[in-house]
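Number of protein chains: 4
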Amino acid sequence: MPSPLHRIAAALALVLALPAAAEQPFTPRLNAGDRMLRFDWPALSIGTGEYAEGPTGVTVFHFARKALAAVDVRGGAPGTVNTDYLRLGYNTPELDAVVFAGGSWYGLEAATAVATALKDDGARGGGFDDIALSVGAIIYDLGARRLNEVYPDKTLAQAALRAARPGVFALGGEGAGRFAMSGGYFGCAAHSGQGGAFRQVGAVKIAAFVVVNALGVVTDREGRIAACYPDPTWPKGLKTSDLLAGAPQSRQGGWTGPPAGQAHSGRNTTISLVVVNQKMSWDQLQRLAVQVHSSMGRAIQPFATVDDGDVLYAVSTEELDPAAGGPALAPVDVGVIAAETMWDAILSSVPEQPVAAKPAFGPPPKSETLESFAGEYVFSPSVSIRVSRQGERLFAQAVGRRDAFAIPRASPVALLPAGDAVFSVPGRYPLTLRFDPGGTLTLNPGHWAQIGRWMGR
Amino acid sequence: MPSPLHRIAAALALVLALPAAAEQPFTPRLNAGDRMLRFDWPALSIGTGEYAEGPTGVTVFHFARKALAAVDVRGGAPGTVNTDYLRLGYNTPELDAVVFAGGSWYGLEAATAVATALKDDGARGGGFDDIALSVGAIIYDLGARRLNEVYPDKTLAQAALRAARPGVFALGGEGAGRFAMSGGYFGCAAHSGQGGAFRQVGAVKIAAFVVVNALGVVTDREGRIAACYPDPTWPKGLKTSDLLAGAPQSRQGGWTGPPAGQAHSGRNTTISLVVVNQKMSWDQLQRLAVQVHSSMGRAIQPFATVDDGDVLYAVSTEELDPAAGGPALAPVDVGVIAAETMWDAILSSVPEQPVAAKPAFGPPPKSETLESFAGEYVFSPSVSIRVSRQGERLFAQAVGRRDAFAIPRASPVALLPAGDAVFSVPGRYPLTLRFDPGGTLTLNPGHWAQIGRWMGR
Amino acid sequence: MPSPLHRIAAALALVLALPAAAEQPFTPRLNAGDRMLRFDWPALSIGTGEYAEGPTGVTVFHFARKALAAVDVRGGAPGTVNTDYLRLGYNTPELDAVVFAGGSWYGLEAATAVATALKDDGARGGGFDDIALSVGAIIYDLGARRLNEVYPDKTLAQAALRAARPGVFALGGEGAGRFAMSGGYFGCAAHSGQGGAFRQVGAVKIAAFVVVNALGVVTDREGRIAACYPDPTWPKGLKTSDLLAGAPQSRQGGWTGPPAGQAHSGRNTTISLVVVNQKMSWDQLQRLAVQVHSSMGRAIQPFATVDDGDVLYAVSTEELDPAAGGPALAPVDVGVIAAETMWDAILSSVPEQPVAAKPAFGPPPKSETLESFAGEYVFSPSVSIRVSRQGERLFAQAVGRRDAFAIPRASPVALLPAGDAVFSVPGRYPLTLRFDPGGTLTLNPGHWAQIGRWMGR
Amino acid sequence: MPSPLHRIAAALALVLALPAAAEQPFTPRLNAGDRMLRFDWPALSIGTGEYAEGPTGVTVFHFARKALAAVDVRGGAPGTVNTDYLRLGYNTPELDAVVFAGGSWYGLEAATAVATALKDDGARGGGFDDIALSVGAIIYDLGARRLNEVYPDKTLAQAALRAARPGVFALGGEGAGRFAMSGGYFGCAAHSGQGGAFRQVGAVKIAAFVVVNALGVVTDREGRIAACYPDPTWPKGLKTSDLLAGAPQSRQGGWTGPPAGQAHSGRNTTISLVVVNQKMSWDQLQRLAVQVHSSMGRAIQPFATVDDGDVLYAVSTEELDPAAGGPALAPVDVGVIAAETMWDAILSSVPEQPVAAKPAFGPPPKSETLESFAGEYVFSPSVSIRVSRQGERLFAQAVGRRDAFAIPRASPVALLPAGDAVFSVPGRYPLTLRFDPGGTLTLNPGHWAQIGRWMGR
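Residue numbers (our numbering), protein chains in the order written: chain A, 1 to 457; chain B, 1 to 457; chain C, 1 to 457; chain D, 1 to 457.
What the hints contain is simulated information worked out from the structure, not anything from laboratory work.
Here the structure is a predicted model, which is why all the values come from computation and not from measurement.
Some hints here could point you the wrong way.
With a straight-line Cα cutoff of 35 Å, these simulated DSBU-like cross-link-like pairs (lysine-lysine) come out [to be verified]:
| hint | chain 1 | residue 1 | chain 2 | residue 2 |
| --- | --- | --- | --- | --- |
| 1 | C | 239 | D | 66 |
| 2 | D | 66 | B | 66 |
| 3 | A | 239 | B | 66 |
The calculated label-pair distances, taken between Cβ atoms and stated as ranges, are [said to hold, decoys possible]:
| hint | chain 1 | residue 1 | chain 2 | residue 2 | range |
| --- | --- | --- | --- | --- | --- |
| 4 | D | 25 | C | 199 | 49 to 55 Å |
| 5 | D | 402 | C | 199 | 53 to 59 Å |
| 6 | C | 163 | D | 249 | 36 to 42 Å |
So the derived list for chain D, only partly shown, Cβ under 7 Å to chain A, looks like this [to be verified]:
| hint | residue |
| --- | --- |
| 7 | 78 |
| 8 | 83 |
| 9 | 105 |
| 10 | 106 |
| 11 | 115 |
| 12 | 119 |
| 13 | 126 |
| 14 | 127 |
| 15 | 128 |
| 16 | 143 |
| 17 | 320 |
| 18 | 442 |
| 19 | 444 |
Yeah, the Cβ is synthetic: ideal placement off N, Cα and C, and Gly gets one too.
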C-alpha cells in the first residue's frame with residue numbers, strides 16, 4: 001500500500017510525466033522480442049521500436065541498396081506515403097525503406113522520419129538521384145483497444161532505423177504489430193502482431209512480412225481459427241467457414257467489432273511486404289503485389305473489407321538477374337511461392353493470448369485493503385478509472401471520453417477478487433486489474449498492459 | 001462409310017460453309033443448359049447465346065432499370081469495356097447490362113453489341129440520360145484449347161439479349177463459360193464453366209455469377225480440388241494446399257499451362273458479377289467489389305496472377321433503400337455474404353468432366369475400314385488432322401498452324417481402337433476420335449466436341 | 001412540287017428505308033474529305049467511314065506492326081475499350097488499332113469491330129500473342145444536335161479499316177468528327193471535326209490526331225476564338241480569356257450548352273492520339289500522354305470538365321530505337337513537340353462554319369406553293385417537323401420526343417422566306433429549311449444536313 | 001576584415017552550428033512576407049514556416065472543421081501523403097490540413113507532423129472519426145539550386161500550424177515556395193514562389209493556392225513570359241509560344257534544366273490547392289480537381305512533364321449547401337472560375353527577380369584586401385568555396401560534392417569586382433559574392449542568399 005506521501009509523490013510524478021504539447025517523452029525500446037525469425041539476407045535490415053506506454057511501435061525495413069518497388073492498396077481506410085510515385089511504372093530502383101507503424105495516420109510520421117534520418121545521417125543527400133525514398137503504411141491500434149493515444153513518432157522511427165540489422169525479425173506483438181488485433185468482425189478481439197516467413201528456392205530468396213490488424217480471423221490451411229476469444233454461445237470446434245456461413249448472425253457485439261450499419265471505419269488494416277532477390281520489372285512486381293495480396297484472403301477471412309485499409313508493397317533487391325543467365329523462377333511461380341510464404345507469415349504473427357485471472361476462492365480481502373485501492377487512476381488525458389469500495393466489494397467506473405474496455409462510464413462494475421491485489425471483470429474477454437505498490441493500477445498485466453497512476457480520490 | 005460422291009459433296013459443303021471474310025455464318029443456340037439456377041428476381045434478366053462451332057458463347061445480364069455499378073480489375077490480361085466510366089464515383093444509376101463473353105478480346109464485340117441492340121430495339125435512345133450503358137469482360141477460350149477461333153459476335157450477343165429472361169441461369173459449360181477451363185497452373189486442364197448462386201437475408205437479395213476460366217484450381221471449403229486431370233505421378237487425395245506447397249515442382253507441362261519463364265499471357269481470366277437489391281452508394285459498391293474479389297482467392301488458387309485478367313462488377317438495383325427505413329444489412333455484411341455466395345457460384349461452375357474412351361479389346365478393325373477413315377479433316381483454317389493407315393493401325397498428325405491437342409504436327413501419333421469407329425490417344429487428358437458417317441471426324445465427342453470435315457487425301 | 005403519287009411513293013420508300021430492328025441499312029462513305037493532311041509514314045494507315053444519314057462516322061488508325069500504347073483518361077463521361085490492359089505497364093507492343101467514333105457509347109461497337117475484322121480477315125488469330133488489340137474512344141454527337149440516332153456500327157468500322165491507307169488524313173467534319181461541335185459552354189455551337197498534324201525532327205516522327213467535340217472553345221496561340229456563333233449581345237473581338245473572365249454571366253443558354261446546375265453529362269468529349277516512331281518505354285509513353293493531354297487545355301478552354309470525357313492514347317511504333325544508337329529526342333522534348341503538334345491538330349479540325357440563308361426581299365411565295373410544302377416530315381422515329389400554312393406564311397413545329405433545333409414542340413414558329421423553296425428561322429444559330437423535289441425537307445443544307453421525308457398531313 | 005581571432009571564433013561557431021545527426025538546429029521564421037493576399041474566410045487558416053538557412057519552408061492550410069477533399073496527381077515525380085484515402089469516393093468530410101513543403105521527399109515529414117501536432121495539442125484524438133487527416137505534397141528545391149540540403153522538418157511544420165491564421169497568405173518566395181524556381185526547361189532559372197488568389201461569386205467563395213516550382217515558364221493571359229533569365233542569344237520580346245515553337249533548339253543548358261536524354265527527374269513540381277465553400281460531392285470535387293489541373297497548362301508551359309510531379313488538392317468546406325436551397329454555382333462553373341483564379345494565383349507567385357551586381361569601374365581593390373578574403377568558406381557538408389588571390393585578382397573554386405552555381409569544381413573562376421567587398425561572376429544568371437565582416441561569404445545577397453563561413457585556408 002502506498003503511503004499518502006508516496007501517493008502525492010506519484011501524483012506529482014504523473015503531472016510531470018504528462019506530455020507537454022508536441023512531445024512524447026517516452027523511451028524507445030529497440031528490437032524487442034523473444035520469438036525471432038532468422039534468415040540469411042544481408043541486403044535487408046530490419047529494426048523495430050516500441051513505446052511501452054502505448055504500447056505501440058514501428059518496424060523499419062531498410063535496403064542496403066536502392067530497390068525497385070510496387071504497391072497494391074485495398075479496402076476502405078488506408079494510410080500511405082509515396083504510393084503515387086510507385087505507380088508510375090519506372091524500372092529504376094529508388095526505394096530505401098518500407099516503414100510500418102501503429103498509431104493510425106499519426107504513425108505516418110514514422111514513415112517520413114526514416115527518409116529524413118537517412119539524410120541527416122549522411123546516407124542520402126539532395127541530388128535528385130540520391131534522395132531517400134521511404135514508403136509506409138500504418139495500422140489502427142487506437143480507439144477502444146487501448147486507454148491512450150501514444151503513437152510511433154519521429155524519435156522512435158529514427159531509433160528503429162538506426163538499430164536495424166539483417167536476418168532477424170521479431171514475431172508476434174512487436175514493432176508495428178505491438179498492439180495489433182484480429183477477428184473483430186466476429187468479436188474475436190484476439191491479440192495479433194507482426195509475422196514473417198522466408199523461403200529459398202534455388203538461389204531465389206523470398207521473404208514475406210505482415211502486420212495483421214485485420215477485421216477478419218486468421219485462418220490456417222485446414223480452415224481453423226488461429227486466435228479468437230469465442231462467444232460463450234458458440235459450439236466447440238467452429239471453423240472460419242462456420243462463422244462465415246452463419247453471418248451476420250454469428251457476429252456478436254464484441255470489443256472492437258464495428259456496429260451494424262456503420263459506413264466505414266479505420267479500425268483495422270493488414271499491411272504487408274514481399275521481398276524477392278530476383279530482378280523483376282515493374283510490371284512483374286505489380287502483378288506480384290496483386291497476386292499475393294489476393295491470396296491473403298485465404299489466411300484472413302474476411303479480408304480487404306471497408307473496415308480494412310490493406311496495403312502490400314512488393315520489392316525486388318535485384319541481386320539475382322535472370323537476364324544475366326542466373327537461376328530464376330517464372331514470375332507467376334514467384335507469386336505462388338510468395339503467397340504461401342505470406343500465409344506462413346500471417347500464421348506466425350499470432351502471439352500467445354492472455355488468459356483471464358482466475359477467481360480467488362479464499363476469504364475476501366479486508367476492507368482496509370480494499371479501501372487503500374480506492375481512488376482515481378489516470379491512464380491518459382482521455383480515460384481514468386475510478387475505484388470505490390462498498391462494504392467488502394470493490395467497484396470500478398470509467399471516467400473521461402470513453403469506456404475502459406468492460407469498465408463503463410455509465411455505472412460502476414463490481415470487481416471479482418482474484419488474488420491479493422488482483423481483481424477481474426468477467427466477460428468474453430480477459431480483464432484483470434492489479435493494484436501495484438507505488439500507486440499504480442495495471443490493467444491486463446503482461447505484454448499489453450495498461451498502467452494508470454493514482455491521482456487522489 | 002461415306003461414298004466418294006458423298007465425300008465430294010461434303011467437301012463442297014465445307015467450302016461453302018467456310019466463313020466469308022467478316023462474317024461468322026453460325027446459328028445462335030439460346031439459353032441452352034440442363035443444370036439451372038433458379039431464383040426470384042424480376043429486376044434481372046439473363047440470356048445466353050452459344051455457337052456450337054466453337055463452342056463458345058456469351059452471357060448477358062440485363063437490368064430492368066438503370067442500375068449503379070462499380071468494377072475491380074486485377075491480374076495481367078483483362079479485356080474490358082467502359083470501366084473508366086464506372087470509376088468516376090457517380091451515384092447516378094446508369095448501367096443497363098453486363099456482358100460476359102468468350103473469344104478473348106474479339107468477344108468484346110458482344111459487349112458493345114448489347115448497347116446498340118438496346119438502341120436499335122428502341123429501349124434506349126440518344127438523350128444523354130437515355131444512352132444504353134453496357135459494360136463487359138471476356139475470357140480467353142482460344143489458343144490450344146480448341147481447333148478454331150470462332151468468337152461470340154454481334155449477332156450472337158444481340159440474340160442472347162433478346163432471349164434474356166429473369167430467374168434462370170444455366171450452370172456449367174454454357175454461355176460465356178461454354179469452353180472455360182481451370183487449373184492450368186498445375187496442368188489440370190479441367191473443363192469449367194459459368195456458375196451462379198443466390199442468397200436472401202431478410203429482404204436483401206444477393207446474387208453472384210462467375211465465369212471460371214482460371215489459371216488456378218477450383219477449391220471447395222474443405223480445401224479439396226473440385227476438378228483436375230491429375231498427373232499420373234501424383235499421390236491420391238491431394239488437396240490444393242499440397243499442390244501449392246509443392247510448387248513449382250508440382251507443376252507439370254500440361255495442356256494449357258504456361259511454360260516456365262513466360263512473362264505473361266492472356267490465357268486465363270475469371271470474370272464475375274455481384275448483384276444486390278440493397279441501395280448502396282458508389283463507394284460502398286466499390287468496397288464490395290474489392291472485398292468479394294479478394295475473397296475469391298479462397299475458391300480459386302492461385303488467383304489474380306499475371307496469367308489471369310480478372311474483372312468483377314458490383315451492381316445495385318437500388319430496389320431496397322436503407323434510407324427509406326427498410327430492412328438492410330451493413331455494407332461489410334453484404335460483402336461477407338456476397339463472398340460466400342460467390343464461393344458457391346464458383347463451385348457450381350464445375351461441369352462433369354469428360355472421360356477417355358476405353359480401349360477396345362476385341363479384334364482390330366479391318367484394314368478397309370481403317371482405310372476408309374484416312375484423309376485430311378479440316379477443323380478450321382488454322383488446323384487440320386491428317387489420318388493415315390499403316391497396316392492395321394491408324395495414325396493421326398496435325399497440319400496447319402498448331403498442334404491438335406495431343407496430336408502433334410511433328411510426327412504421326414498412333415490411335416488406339418476404342419470401338420467400331422472410335423479411337424483414342426492415351427495421355428493425361430482424354431482425347432477421343434470418332435469417325436462419323438458423312439465424312440466428319442469428331443474429336444472428344446460430347447459437350448466440347450471439335451468437328452473436322454473430310455477434305456480429300 | 002411532288003405529285004401525290006410521288007409523295008405516296010416517297011412515303012413508301014421511307015417506310016422501307018426505316019431500319020428494321022438491329023440493323024442500320026446505310027451505305028458507308030469511305031475516306032471522304034476535301035482537306036487532307038498528308039505525311040510520310042508507312043507504319044500507320046488511316047481509314048474513315050461515314051453514314052450521311054447521321055451524319056456520323058468513324059476513324060480507324062491501324063498500325064502495320066504491333067505497337068506499344070498508353071492512355072490518359074480525364075473528365076466526366078468517357079467511353080472506352082481495353083484501357084485497363086494499357087495501364088498494366090507492359091513493355092510488350094500489342095496494339096493493332098485505335099478507333100475513334102461518333103455515336104456516344106453506341107460507337108464503341110466500331111472499336112470492337114476493328115479487332116474482329118482483323119481476325120476475320122486473317123491478319124490476326126487466336127494465339128495469345130496474336131490476338132488483335134483494338135482500343136477506342138467515342139464522342140457524343142447525338143441528342144439535340146441531330147434529329148436521329150444513327151451511330152457508327154460494325155459494318156462501318158470494318159469498311160473503314162479495310163479502306164485504310166497510309167499518309168492521308170481528312171481534316172474537318174469527317175470520320176469520327178463528322179458531327180463534332182465545340183464551344184457549347186459559351187453557347188458557341190460551332191461545328192468542329194477531326195484534326196491532324198505531323199512534325200519531323202531529325203529522324204523522329206510525331207503525329208497528333210484529335211476529334212474535337214469539346215465543351216470549351218477552340219483557341220489559337222494568340223488567344224483568339226477559332227469558331228463560335230457569338231451571342232448577339234457580345235462585343236466584337238472577344239477573346240477566349242474575355243469569355244472566361246466573364247463566366248458564368250458570359251454563358252448563354254445555347255444550342256448544346258448544359259443548363260446551369262446540371263450535375264454532369266456526356267455531351268462532349270475530345271479524343272486524341274499521339275504517335276511517335278521513337279521507341280519509348282511504357283512509363284515514358286504514359287508521361288507523354290499526361291503531358292500532351294495537359295497541354296491541350298491551352299487550345300481548348302475550358303478543358304477536361306465534368307461535361308467532357310477526354311481520352312488520349314499515346315503510341316510508339318518503335319521504329320527508331322535510341323538504344324540502338326539512332327538519333328532520338330529526350331522524352332520531355334518529345335512531349336513538348338507533340339504538344340505543339342497537337343495544338344496544330346486541334347486548330348486544323350475547325351471546318352468552315354455554315355451561314356444562315358439570307359432573307360429574300362422579293363414578293364412572298366404564292367399560297368399554293370406554300371400549301372404544297374405543308375405536311376409532316378419524318379427525320380427519325382424520334383423527331384418529325386410539321387409544316388403548316390396560315391395565309392401567306394409557313395409555320396413549323398416539332399413533333400416527337402424532342403425539339404428540332406430552334407423549331408420547338410411547344411408551338412409553331414414562323415418561317416422567313418429566303419428563296420423559292422428556302423426558308424429560315426432567325427436566331428443565334430443558322431437554321432435553314434429547303435423543300436426539295438421528291439418530298440423531302442432538308443434542314444441546314446450542306447455538310448451537316450438533316451433530311452426529313454414527307455409522310456402525309 | 002575579420003581578425004584572426006575573430007576567424008577562429010567564427011570557425012568554432014560554425015563547427016558548433018553544424019547540425020548534429022538527426023537534428024536541424026534552426027529557428028523557424030513564421031508567417032514572413034511583405035506581399036500579402038488578404039481575403040475573408042474564417043474556415044481556412046494558413047501558416048508558413050521558413051528556415052533561412054536553406055532557405056526553404058512549409059505552408060500549412062488548416063481547416064476549422066473537417067472538410068471533403070479529392071486529389072489529382074500528374075507528371076513524373078510526385079511526393080505525397082494519404083492520397084490513397086482521398087481516392088475512395090467517400091462523401092464524409094475528414095480532412096484537417098493540406099501541407100505543402102520544400103525539401104523534396106524529406107519535406108513530407110512536414111505533412112505528417114501537422115497531423116501529430118493536432119493530436120498532441122488535443123485538437124484531434126484517437127477515435128476513428130476523430131483522427132487528424134493531413135495530406136501533403138512537396139517540391140524539389142534541393143540539388144544545384146542551393147548549397148545545402150536543409151528541409152522543412154517536424155519542428156518547422158508544427159510551428160507553422162500553430163501560427164496559422166485566417167485570411168492572410170504570403171505571396172512570392174515564402175513558405176513552401178521559399179526557394180521555388182521556374183522555367184528550367186528553357187534554362188530560365190527564374191525565382192518563383194507561392195501564389196494565391198480569391199474570388200467570390202455571390203455567396204460562393206473560391207480560393208486557389210499554388211507553389212510554382214515548374215519546369216515550364218509562367219505565362220500570362222497574353223502569352224508573355226512572366227519571369228526568365230533569357231539566353232543572351234534570344235531576340236527581344238519572345239513569347240512562350242516562340243520558345244515552344246523553337247524547341248528543342250530553344251533550350252539552353254541552363255542552371256536547373258535537365259540535360260537532354262535524361263529519363264526523368266524530381267527536379268520540379270507544381271503543387272496546388274483549390275478550396276470552395278460550396279458543398280460538392282466527392283465526384284464533383286474530383287472533376288473539379290481534374291478540370292483546374294488541366295487548365296494550369298495555360299499558365300505554365302510546358303506542364304505536367306516527366307520532370308514535374310504535379311499534385312492538386314480540391315477541398316470543399318461545405319459551408320454553402322446547394323441542397324439547402326442556398327445560392328450555388330453549377331459544378332462546371334465552379335471549375336471554370338477556379339481555373340481562372342488559379343491562373344491569377346500562378347501569376348501572383350512570381351517575385352521580383354534578383355539582378356546581377358554591376359561591375360565597379362574604379363581602381364581594383366588592394367592586394368591585402370583581396371588577400372584578407374582568401375580562404376575556404378563552408379556552405380554545408382556538401383559544398384565549400386575556396387577563394388584565392390593571384391596578383392590583383394580574386395578567384396573562386398567549388399570544393400565538395402558539387403559545383404556552386406557558376407563556380408565549378410573543375411578550375412578556379414575569376415571574380416569581377418563590383419564594390420568594396422563585392423564581386424560577381426558573369427553569365428546568364430546573376431551570381432554575386434559579398435565578403436562580410438565576421439568571416440562570412442554571402443552568395444547572392446538578398447532573399448535567396450547562401451551563406452558560407454570561413455574555415456581557414
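These are the hints, each one checked on the structure:
no. : hint                           : result
1   : 239(C) with 66(D)              : violated (40 Å)
2   : 66(D) with 66(B)               : holds (34 Å)
3   : 239(A) with 66(B)              : violated (40 Å)
4   : 25(D) with 199(C): 49 to 55 Å  : holds (54 Å)
5   : 402(D) with 199(C): 53 to 59 Å : violated (36 Å)
6   : 163(C) with 249(D): 36 to 42 Å : holds (39 Å)
7   : 78                             : holds (5 Å)
8   : 83                             : holds (6 Å)
9   : 105                            : holds (5 Å)
10  : 106                            : holds (5 Å)
11  : 115                            : holds (6 Å)
12  : 119                            : holds (6 Å)
13  : 126                            : holds (3 Å)
14  : 127                            : holds (6 Å)
15  : 128                            : holds (5 Å)
16  : 143                            : holds (6 Å)
17  : 320                            : violated (24 Å)
18  : 442                            : violated (21 Å)
19  : 444                            : violated (18 Å)
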